[in-house]
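J.: Based on the sequences and whatever the hints tell you, model everything.
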Amino acid sequence: MTDPAAIAETGRTPAADRGAAPGTRPPVIRVDRVSKRFRRSLPGDRLRTLKSALVGGSRTRDLPREATIPAIEEVTFEVTRGESFGVIGGNGSGKSTLLKLVAGMLHPTTGELAVDGRVAALIELGAGFHPEISGRENVYINGAVLGLSRRQIDRRYREIVEFSGLGEFMEEPVKNYSSGMYVRLGFAVAIHTEPDVLLVDEVLAVGDEAFAHRCIRRLEEFLASGRTLLLVSHSLDLVAELCDRVLWLDRGCQRLIGEPRRVVDAYRQAVAEQEGAEHLAANQQREQETDASAGDEPRRWGSRQAEVTAVRLLGADGSERYHLQTGEPAVFEIHARAAQPLADFVFGIAINTPRGFECWGTNTDLEGFVPEQLSGEAVVRVTCPALRLAPGEYAVDVAVHARDGAPYDYHRRVLGFTVTAATGGAGVYFPEHRWEFAGGVRWGGPADPPRP
Amino acid sequence: MLRVARQIFRFRGLLATLTARELKARYRGSVLGFLWSLANPLLLLAIYTFVFSVIFKPRVPGIEPYALFVVSGLFPWIWLATSALEGSMSLVVNSGLIRKAVFPAELLPMVAVLANGVHLLLAMPILAAGLAAARLLGYAVSGVAALLLPVILLLQLPMIAGLAVGAAALTVYFKDVRDLLANLLNLLFFVTPILYSLQSLAGRPFFWWLVRLNPFTPFTAGYQQILFFGQPPSSSLWLQMALVSLAAWALGAGIFERLRENLVETA
Numbered sequence: 001m002t003d004p005a006a007i008a009e010t011g012r013t014p015a016a017d018r019g020a021a022p023g024t025r026p027p028v029i030r031v032d033r034v035s036k037r038f039r040r041s042l043p044g045d046r047l048r049t050l051k052s053a054l055v056g057g058s059r060t061r062d063l064p065r066e067a068t069i070p071a072i073e074e075v076t077f078e079v080t081r082g083e084s085f086g087v088i089g090g091n092g093s094g095k096s097t098l099l100k101l102v103a104g105m106l107h108p109t110t111g112e113l114a115v116d117g118r119v120a121a122l123i124e125l126g127a128g129f130h131p132e133i134s135g136r137e138n139v140y141i142n143g144a145v146l147g148l149s150r151r152q153i154d155r156r157y158r159e160i161v162e163f164s165g166l167g168e169f170m171e172e173p174v175k176n177y178s179s180g181m182y183v184r185l186g187f188a189v190a191i192h193t194e195p196d197v198l199l200v201d202e203v204l205a206v207g208d209e210a211f212a213h214r215c216i217r218r219l220e221e222f223l224a225s226g227r228t229l230l231l232v233s234h235s236l237d238l239v240a241e242l243c244d245r246v247l248w249l250d251r252g253c254q255r256l257i258g259e260p261r262r263v264v265d266a267y268r269q270a271v272a273e274q275e276g277a278e279h280l281a282a283n284q285q286r287e288q289e290t291d292a293s294a295g296d297e298p299r300r301w302g303s304r305q306a307e308v309t310a311v312r313l314l315g316a317d318g319s320e321r322y323h324l325q326t327g328e329p330a331v332f333e334i335h336a337r338a339a340q341p342l343a344d345f346v347f348g349i350a351i352n353t354p355r356g357f358e359c360w361g362t363n364t365d366l367e368g369f370v371p372e373q374l375s376g377e378a379v380v381r382v383t384c385p386a387l388r389l390a391p392g393e394y395a396v397d398v399a400v401h402a403r404d405g406a407p408y409d410y411h412r413r414v415l416g417f418t419v420t421a422a423t424g425g426a427g428v429y430f431p432e433h434r435w436e437f438a439g440g441v442r443w444g445g446p447a448d449p450p451r452p
Numbered sequence: 453m454l455r456v457a458r459q460i461f462r463f464r465g466l467l468a469t470l471t472a473r474e475l476k477a478r479y480r481g482s483v484l485g486f487l488w489s490l491a492n493p494l495l496l497l498a499i500y501t502f503v504f505s506v507i508f509k510p511r512v513p514g515i516e517p518y519a520l521f522v523v524s525g526l527f528p529w530i531w532l533a534t535s536a537l538e539g540s541m542s543l544v545v546n547s548g549l550i551r552k553a554v555f556p557a558e559l560l561p562m563v564a565v566l567a568n569g570v571h572l573l574l575a576m577p578i579l580a581a582g583l584a585a586a587r588l589l590g591y592a593v594s595g596v597a598a599l600l601l602p603v604i605l606l607l608q609l610p611m612i613a614g615l616a617v618g619a620a621a622l623t624v625y626f627k628d629v630r631d632l633l634a635n636l637l638n639l640l641f642f643v644t645p646i647l648y649s650l651q652s653l654a655g656r657p658f659f660w661w662l663v664r665l666n667p668f669t670p671f672t673a674g675y676q677q678i679l680f681f682g683q684p685p686s687s688s689l690w691l692q693m694a695l696v697s698l699a700a701w702a703l704g705a706g707i708f709e710r711l712r713e714n715l716v717e718t719a
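These protein sequence lines are chains A and B, in that order. According to the working numbering, the first sequence is numbered sequentially starting from 1. According to the working numbering, the second sequence is numbered sequentially starting from 453.
Hints were generated in silico from the structure; no laboratory data involved. Heads up, a few of these hints could be off.
Said to hold, decoys possible - Below, a list of computed lysine to aspartate or glutamate pairs in the EDC-like style, where the Cα atoms sit at most 20 Å apart:
#1 B:476 to A:124
#2 B:476 to A:171
#3 A:175 to A:124
#4 B:627 to B:709
#5 A:175 to B:474
#6 B:476 to A:137
#7 B:476 to A:132
#8 B:627 to B:713
#9 A:175 to A:137
#10 B:627 to B:516
T.: Pasting the structure below:
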C-alpha cells in the first residue's frame with residue numbers, strides 16, 4: 001500500500017512511473033479477437049432463440065449475419081497489472097458493451113476473454129442499487145455482490161460514508177437520492193472494496209467538480225497500489241491525463257490503440273473531419289436556401305466578376321484539415337476564377353466564432369498589395385506559422401471585391417474548423433504563455449501539464 | 453448445474469441479506485406486518501376446519517380430521533407453487549439489476565424460494581397447534597416423526613430451487629412461461645394427493661397410476677407421513693424423494709446454465 005500522505009505530497013503519480021510497459025507483467029485483462037453480436041429481436045425470435053439454446057450447439061455465433069447486430073468486432077488488447085486503460089469512441093461504438101464483456105455480464109460471441117482477479121464495475125447510474133431500501137443496506141448488498149463479507153464491509157463502512165459525503169442520507173431509501181448522490185455512493189463502495197480490476201463507465205461525469213477531483217485522486221492511489229483500471233469516457237482530457245494507454249473504438253472496431261495523447265488527437269481529428277463535412281453540407285444547404293429565398297442575411301453575394309471556387313484549410317504538411325491544435329501552423333487556401341481579366345481586386349479573409357464575433361480579419365489592400373491583374377484560375381494562400389486561437393469552433397469568411405468595397409464574390413462561413421488545446425482557456429485568443437510563482441504559493445496538481 | 457450451485461453457495465451471505473430484505477419489504481406499510489405470516493396459515497386452517505366439519509362432512513376414513521390432513525400437504529405445496537411462480541418472474545422483474553450491474557442472477561429466484569420457505573416455517577407452529585388440539589380430542593394424529601421435518605425440507609430444497617431457477621431463465625426468453633406454469637400448477641395440484649389420500653384411489657388403477665407417477669407426489673406423501681400420521685417415511689419413499697429432488701435440480705439448473713450466455717442481454 002502506498003502511504004496516502006506521500007501521494008498528497010507528490011501530487012499525481014506520473015503515468016510512466018506506474019510501469020506502463022505492456023508485456024513485462026502478466027496481463028490482468030486479456031481480450032483476444034473478441035466479437036459480440038446481439039440477436040435482432042424480431043417477433044418469434046425469442047422462441048427460436050430459446051429452442052436453439054435448449055436443444056444445444058446453436059448459439060449467436062451460428063446465426064446468419066443479418067439476424068444479428070454487431071456491437072464489437074475482433075477487438076484484441078491486453079491490460080497489465082497496475083495499468084490504467086482508457087476506451088474512447090462515439091456513441092454506439094461499443095464501449096459499454098466492451099466493459100460489460102470484461103465485467104462478465106455479457107459473453108463474447110466469438111473470441112477469448114479472460115480477467116484475472118476480482119472485478120468491480122460502475123456501469124450505469126444507480127445500477128445495482130435497490131431503490132426502496134436505505135443507502136446503508138445498499139452498501140452492504142453492493143459490497144456483498146463485490147465479494148465482501150459483512151464483517152469486511154463493517155470495517156470499511158465509515159470510510160465509505162465519509163468518502164461519499166452522504167453521512168446524513170445513509171438511512172434514506174436511495175430512490176430519493178439525486179443522480180450525483182448515486183454516483184458518490186456507487187463510486188465510494190466500488191473503490192473501497194478494493195477490487196483487482198475496476199471498470200468505470202462515464203458515471204464520474206455526473207458528480208460535481210470537487211467530487212470528480214476526489215475520485216481522480218482516489219483512482220491514482222488505486223493505481224499506485226498495483227490495481228487495474230478500465231475507464232470509458234467521453235471526457236478526452238480525463239482519459240489523456242489518467243490513462244497509460246487508450247483504445248479508440250469506432251463502430252465496434254478497434255481503430256487505434258496506444259499512447260493516450262496520440263490516440264485522443266487522432267480521435268479528435270476524425271471527429272473534427274466528420275464535423276467539417278457536416279459543416280460543409282449544412283453550409284451548402286443553407287446557401288441554396290438563401291439563394292432561393294434571399295433572406296435578410298445572405299451567405300453569398302456579389303457580381304461574380306471574380307468568383308471564389310474553393311476554400312480549404314491546410315496543415316503544415318499540406319493535408320486538408322478541419323481540426324487544429326492551438327499554435328499549429330495553418331494555411332488558408334483560396335481558389336478563385338475571373339472570367340474576364342480584372343485590374344481592381346482585393347482578397348480578404350476573416351475568422352469568426354459561430355455566433356458571429358470576428359476574431360481576426362484582413363485583406364490584401366490593408367496589407368499593401370497593389371492589384372494589377374486577375375485572370376483565369378488563381379490560388380491565394382494565407383499562411384499563419386502559429387494560429388493561436390482559443391479552443392472552440394470557428395467559421396471562415398472569404399471575399400473578392402473591388403477596392404471601393406463593391407463585392408465580386410463575398411462568401412460567408414465558407415469553411416468551419418475546430419481548435420483544441422491541451423489546457424483550457426476562455427475567449428478567442430490563446431497566446432503562448434507560462435506561469436511563474438515565487439514565495440508562499442504551492443500547488444498540489446500536475447507539475448507540468450503539456451503546453452501547446 | 454454445479455456452477456449454479458457454486459454461485460449460490462459463494463454468495464450465501466448476500467442471499468441471506470436479500471431474503472431478509474424481501475421478507476421485510478413484503479409487509480412494509482401493513483399494520484399487522486410479520487403477523488400476516490402467522491395469520492395467513494391460521495385463517496386457512498380455520499376456513500378448512502369450518503368448511504369440512506360444519507358445512508360438508510366428507511366421509512374419509514383414515515384421514516381425520518380432514519382439514520389437518522389437507523393443510524399438512526397444502527402448506528408445503530404452497531411453498532413449492534409460490535416459489536416457482538415468484539421465482540419465474542424474478543429475473544424479468546429485476547432485469548435492471550442484472551442488465552446494468554454485475555450481479556449473480558441465480559440468487560434472484562433463490563430469494564423467492566427462501567422467502568417462501570420462511571413462510572412455510574412460520575406456518576408450522578400453527579399446524580403443530582392444530583395437531584396437538586386434535587390429539588387432545590382423541591384423534592391418533594402426528595408423533596415424534598414430525599421432528600424429521602427439517603430433513604424433508606432440506607431434501608426438497610433442491611427440487612424447489614431447481615423449479616424456480618429453471619423457470620426464471622425460461623421466462624426471460626419466453627414470458628408465457630409464467631402463465632403456463634400457473635395453469636400447470638393448478639392442474640398438478642389435483643393430481644397430487646393433497647385433498648385426498650393415495651389409498652382412496654385404490655379401486656381406480658388409471659388415476660392411481662397417474663397420481664403415483666406425478667413427481668410431486670413423493671414429497672406430499674412424505675410431509676403427510678411425518679406431520680399428519682407421525683410415521684417415518686419408508687426407505688422407498690426417502691429414495692423417491694431424493695431422486696425427484698435431484699432430478700428437478702439437475703433439470704432446472706441445467707436449463708439456467710444453458711441459457712446463461714444470453715441471459716443478461718435478453719432480460
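J.: Taking the hints in turn, state whether each one holds.
T.: Okay, the hints, checked on the actual structure:
A hinted pair counts as satisfied when its Cα atoms are at most 20 Å apart, and residue 476 (chain B) with residue 124 (chain A) does not qualify at roughly 27 Å. Between residue 476 (chain B) and residue 171 (chain A) the CA atoms are separated by roughly 15 Å; this keeps the pair inside 20 Å, and the hint holds. For the given pair, residue 175 (chain A) sits about 15 Å from residue 124 (chain A) by alpha-carbon distance, which is consistent with the 20 Å threshold. For the hint pairing residue 627 (chain B) with residue 709 (chain B), the CA-to-CA distance comes to about 18 Å; that is within 20 Å, so the pair holds.
The hinted pair formed by residue 175 (chain A) and residue 474 (chain B) meets the criterion: a straight-line CA distance of about 17 Å does not exceed 20 Å. Pair hint residue 476 (chain B) plus residue 137 (chain A) holds up; C-alpha atoms about 12 Å apart against a cutoff of 20 Å. As the CA atoms of residue 476 (chain B) and residue 132 (chain A) are separated by approximately 11 Å, the hinted pair is consistent with the 20 Å bound. Restraint check: the Cα-Cα separation between residue 627 (chain B) and residue 713 (chain B) comes to about 18 Å, which is no more than 20 Å; the hinted pair holds.
Among the hinted pairs, residue 175 (chain A) with residue 137 (chain A) is consistent with the structure: their alpha-carbon atoms are about 13 Å apart, no more than 20 Å. For the hint pairing residue 627 (chain B) with residue 516 (chain B), the CA-to-CA distance comes to about 42 Å; that exceeds 20 Å, so the pair is violated.
Of the hints listed earlier, those the structure fails to meet are numbers 1 and 10, in rising order.
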